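Novice: What follows is the residue order along each chain.
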Amino acid sequence: DAKTTQPPSMDCAEGRAANLPCNHSTISGNEYVYWYRQIHSQGPQYIIHGLKNNETNEMASLIITEDRKSSTLILPHATLRDTAVYYCIVKDSGGSNYKLTFGKGTLLTVNP
Amino acid sequence: EPEVTQTPSHQVTQMGQEVILRCVPISNHLYFYWYRQILGQKVEFLVSFYNNEISEKSEIFDDQFSVERPDGSNFTLKIRSTKLEDSAMYFCASRGQGYYGYTFGSGTRLTVV
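Read top to bottom, the protein sequences are chains A and B.
Here our numbering is used: the first residue of the first sequence is 2, the next is one more, and so on.
Here our numbering is used: the first residue of the second sequence is 13, the next is one more, and so on.
Calculated directly from the structure, the hints in this document are not laboratory data.
Values in this document were obtained by computation on a predicted structure and should not be read as measured data.
Some hints here could point you the wrong way.
The following label-pair restraints were derived from C-beta to C-beta distances [as the list claims (entries may be wrong)]: (1) A:M60 to B:S21: 19 to 27 Å; (2) B:T88 to A:G16: 37 to 45 Å; (3) B:Q109 to A:T57: 30 to 38 Å; (4) A:T102 to B:R81: 37 to 45 Å.
C-beta atoms are modelled at their ideal positions from N, C-alpha and C, and glycine is treated no differently.
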């Protein structure tokens with residue numbers, strides 16, 4: 002799996018957009034970008050994933066650069082409950098094993 | 013929304029004792045996993061389980077660990093003789109066919125004293 006690089010921490014004001022970057026310069030053609038988050042010792046929660054097109058769901062948007070070497074997770078209107086560690090994971094889609102490898106992620110703190 | 017349920021939420025055990033952590037995955041999911049997270053550290057993969065057998069395990073998952081799906085709904089992790097360093101949050105996860113997201117349970121906090 003390709004390695005990812007994320008800033009260790011970020012702050013965001015409540016109600017503003019939170020933009021979380023991830024670098025994955027060694028990503029290969031069949032690897033997807035996944036985002037999960039972990040709210041204070043709870044189980045990780047799936048947010049969104051994408052291959053090359055931008056994606057949006059009810060939680061967030063994912064913007065992937067054209068060369069696919071980096072991506073940004075956007076929480077359009079951050080709330081205090083979005084304070085969590087956000088993990089960017091690059092993974093191919095094949096195989097029955099399909100384990101996730103978590104890094105240290107980005108601790109997003111949403112401030113009132 | 014379907015959930016992965018883990019019990020107990022917190023377990024305290026004495027060193028050397030056996031513990032069984034229980035999980036009820038989402039009913040139509042086919043792939044099951046255990047992860048653990050030592051306090052302040054990363055979430056680490058332990059084992060994956062598919063078609064009633066282990067499909068992959070990490071170096072952490074030594075002979076002291078075992079998994080079982082005894083009745084088609086529960087998925088258990090057994091630690092035969094617990095050590096102090098087994099103290100951690102243990103997360104169960106499941107996923108369906110394809111490459112969509114895992115669903116994780118809320119975890120069992122295991123404290124070995």
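Novice: All the hints need checking, so say for each whether the structure fits it.
Specialist: Now for the hints, and whether the structure bears them out:
1. A:M60 to B:S21: 19 to 27 Å: holds (25 Å)
2. B:T88 to A:G16: 37 to 45 Å: With Cβ atoms ~44 Å apart, the hint holds.
3. B:Q109 to A:T57: 30 to 38 Å: Check failed, 24 Å falls outside 30 to 38 Å.
4. A:T102 to B:R81: 37 to 45 Å: Given a distance of about 24 Å, which is not inside 37 to 45 Å, the answer is violated.
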